[in-house]
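With the hints as constraints, model all of the structure from the sequences given.
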Amino acid sequence: MSLIELARKTVEDARKLGAEEATVSVSRSSELSLVRRAGKLEQATQATSRGLSLSLLVDDRFSVHSTSDLRPEAVSVFLERAIAATRVLEPEPERRQPALSLCGRGASEEELDAVDASYGSLTVEARRTAAEALEAAVEALPNRKRVLSATMYVGDSSDESVRVMSNGFEGVRSSTGFGAGVEMTLEEPGGRRPEATAWYSALHRDDLPTNAFIAAEAWEKAEQRLGSKPAPSGRYPMLLENRVAGRILGVIAGPLSGSELHQQRSFLAGRLNSVIANTSLTITDIPNIRRGLASRPWDGDALVARPMPIVEAGVLKNYYISTYYARKLGVEATTGGRSNWVVGAGARSPEAILRDVSKCIVVTGFLGGNSNGLTGDFSFGVHGLLVEHGKVVGHVGEMNVSGNIEEVLGHLVEPANDVWTWSSVRSPSLFFDEVQFSGT
Amino acid sequence: MTHFSSFGIDEALCRRVLSAALSRGADDADLYFEHSGSTSVALSDGKVNRASTHVDLGVGVRVVVGDQVGYAYTEDLTEASIIQAARVAAEIASGTRATAPVALTERRLADRYPATLPWEGVDLETRVRLVRDWEQRVFKEDPRVIRVETSIGDSFRHILVARPDGRLVYDYQPMTRGFVVCTAQDGEKRESSNANLAQRAGLEFYDEERVSRMCHKAVADTMLLFEAVKSPAGEMTVVLGAGSSGILLHEAIGHGLEADFNRKGISIFADRVGTRIAPPGVTVVDDGTIPHARGTINNDDEGNAAQRSVLVEDGVLRGFLHDEISAKHYGVAPTGSGRRESFRHVVLPRMRSTYMESGTMPPEEIIASVQNGIYCADFANGQVQIGAGDFAFYVRRGYLIENGKLTRPIKDVNLIGNGPDVLATIEMVGNDLKIDEGGWTCGKDGQSVPVSQGMPTVKVSKLSVGGASA
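Those sequence lines, one after another, are chains A and B.
In terms of the numbering used here, the first sequence has 870 at position 236, counting the first letter as 1, and numbering is strictly consecutive.
In terms of the numbering used here, the second sequence has 84 at position 69, counting the first letter as 1, and numbering is strictly consecutive.
None of these hints come from the bench; they were simulated from the model.
Careful: at least some of the hints might be erroneous.
Here are the simulated DSSO-like pairs of lysine-lysine, each with C-alpha atoms no more than 30 Å apart in a straight line [claimed, not checked]: (1) K962(A) x K674(A); (2) K650(A) x K62(B); (3) K459(B) x K863(A); (4) K863(A) x K477(B); (5) K962(A) x K155(B); (6) K155(B) x K993(A); (7) K674(A) x K459(B); (8) K232(B) x K962(A); (9) K962(A) x K62(B); (10) K343(B) x K459(B); (11) K459(B) x K855(A); (12) K343(B) x K674(A); (13) K204(B) x K951(A); (14) K204(B) x K962(A); (15) K477(B) x K855(A); (16) K477(B) x K993(A); (17) K863(A) x K245(B).
Structure, rendered in structure tokens:
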């Protein structure tokens, strides 16, 4: 049975067994990953996997189920149990599916371009060669004196999924994925062994950077950790590096969600169209970026995926509201979850910004930390560079950056022009004029 | 009785698959059959309005050549499909010397989590009644409670590990977790906190004492947050409360002692076995044998018996946590620490229940010895860089210590330090070891496994606190 046939049959069977509504997704994926270290292949993993997931509405009662046991007799036992389980719950009509007219594709397969056509002809031998080439690039680095260990990762995947809903929606999605990375550990006098990873993923193989680029970045990132120590506690200007900007911006993601608004656990409740950040901050949710890592034709409810402003010149423009929470909150649904976040860029390079600052901490990585969605307070471990007038004067680590996200975003005075496209958060480096750091 | 039939396989098939796995001259191989299931029921908005079930079935085939691993898995338990997986995994090897597996005899190595009332025999209505009861208890605790969410999740896992040396180890691993979230309003202010309980046990786990403790804690912690002030920032003396403070050990030393990192020389502890890394009186254990604990296993996922492994004895580093590959590398016996998230994942050395043994100090005296500092009571999450040794953990709730007394509550602060530095500055160890009953989950290389942690009250002279102002 093909994926779509299995999905259609399961929806039909669920209806026959008494479900008013059913949504069935069936997926199949292949993965291959290789790890090399010290001149040999250390690990090779390969598999083809499959699964079925199902959500049901039975007498207005809602439940979700999944299984990887797709033998026909097992699927029918699974379905009967799922329907019986649903009947013992309490009714919640807000769980009903959206109208078919709201569902569908926001961007064509050609526009999303999520499948690399060369995937099918990729041999295991070619992948082994790619991992060897990445290791060769690490060995060709000019300065390897301090390298204790380097581990190379190369992997790819192919996913195909279908979704069939009892409201008449049917959709098929396919994508490929490629990843390459180097993890490097250096030796430091005194026994510390600072490590760093350069990791890249892309939907098309040709979008990955060159091996030399990945190797050089792993070295550079690890080198920046050598001799790191905490700077004195205090308020400093902060340049937040583009590739890790999502960690700070992500503090507002939870409080933007319908579930947190509905549970009265969001500091952003009632703040639509009010200022929550400096005018320099603009964040847009864009689901139809060609080859975007979080691009999608429809969202989790099968609603047509459309670009949506989140923050416009510092003003909050939209929440993430699924069909269910829209009904609970009595508002229009937007979408239940994030796709790609695109953060507005400025005019200057990070180097140009740093040249004008007498003393600044450049945050290049995070360690632990969390935030409180009710207050917006956060506290994260950080490491990075101490920079004076554009010149690196020290490596910092074992420090925390803390504050209230709304107050901190108020200090985001200038985004740089270096948008990072290797992530679902496409942000430039962000310059804040004053942020609380704790160290010694 | 054997458990082949529950996977629709037999002994002869396992031997044929192992033969295929060894056909290119590998040193070793294993088959890991897994059948798991989970059920959860959740309440929000005053309604028991969501249920979910999950079923997973499959086999992973691992082929080992020295420290090289070939791995493949399939959810299709037909012979053709499993043999195909074995052939793919075998590609890591390149020889021709094939070994024949010997006859497989099934064993179960221990019985550390028998369930009096196993979840398979508990109907959904019982779970519905439980989450409803917890909701009512939370509302009754305090009139300021405005929202309550409760949920119960339970799961089981049947595993069967087959090895070419004739070992066939079966285990049945139950787990349950109860969760309560309380949101309250006091004037204009709103606060929220949660509490949870987890164990390898059946329905009997939710006795009156535990349930009332969980519900009370969720409410009491929430109310305390109304009084909370911002934490100070910078380096200061930190007292870690008994119980979930074990997260410090998990991050500061536990990961750094997982032997895969040490075998590769990338842990800060790699060359320190036999040396002093903490003051006398500090003994750290990783234990897979505590009855019913969330991190407990009868056997690990390579079929080795779980052990109680002393990592640090009276301040001296004694050894690492091993799977078979690292044990062979170091020429020691495996510690029963080879774990995996599921049949889709390779085995890695992992923690089980990590704790520090009790010392001699009464906890009150430890607090009384601190002029100015903070006391940490409740934790959310942590992380470590195993090479640099820097680690962090997030404190949801604690107190200021002023003149030897706990004074105002504090909340939401990240603590950061360097593992070896912090271990060396442990000043006092309390006499009150407590293994936390929370639902802790550890992540490594993209794999999640259940763990436990414990700690007596401990005083550390210097940690960097990510508070509001210096």
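Each hint, compared with the structure:
1. K962(A) x K674(A): With a Cα-Cα distance of about 56 Å, the restraint between K962(A) and K674(A) is violated, given a limit of 30 Å.
2. K650(A) x K62(B): Status holds; Cα separation ~27 Å.
3. K459(B) x K863(A): holds, 26 Å
4. K863(A) x K477(B): Between K863(A) and K477(B) the Cα gap is close to 14 Å, so the pair holds against 30 Å.
5. K962(A) x K155(B): This hinted pair holds, its Cα atoms lying about 25 Å apart.
6. K155(B) x K993(A): violated, 54 Å
7. K674(A) x K459(B): The hint holds at about 23 Å.
8. K232(B) x K962(A): holds, 29 Å
9. K962(A) x K62(B): Holds. K962(A) to K62(B) sits at ~13 Å (cutoff 30 Å).
10. K343(B) x K459(B): Between K343(B) and K459(B) the Cα gap is close to 22 Å, so the pair holds against 30 Å.
11. K459(B) x K855(A): holds, 21 Å
12. K343(B) x K674(A): Given pair K343(B), K674(A) holds - Cα atoms ~18 Å apart, limit 30 Å.
13. K204(B) x K951(A): holds, 25 Å
14. K204(B) x K962(A): The given pair, whose Cα atoms are some 23 Å apart, holds under the 30 Å limit.
15. K477(B) x K855(A): holds, 28 Å
16. K477(B) x K993(A): holds, 27 Å
17. K863(A) x K245(B): Satisfied, since the Cα-Cα distance of roughly 25 Å is no more than 30 Å.
In the structure shown, a violation is registered for the earlier hints numbered 1, 6, in ascending order.
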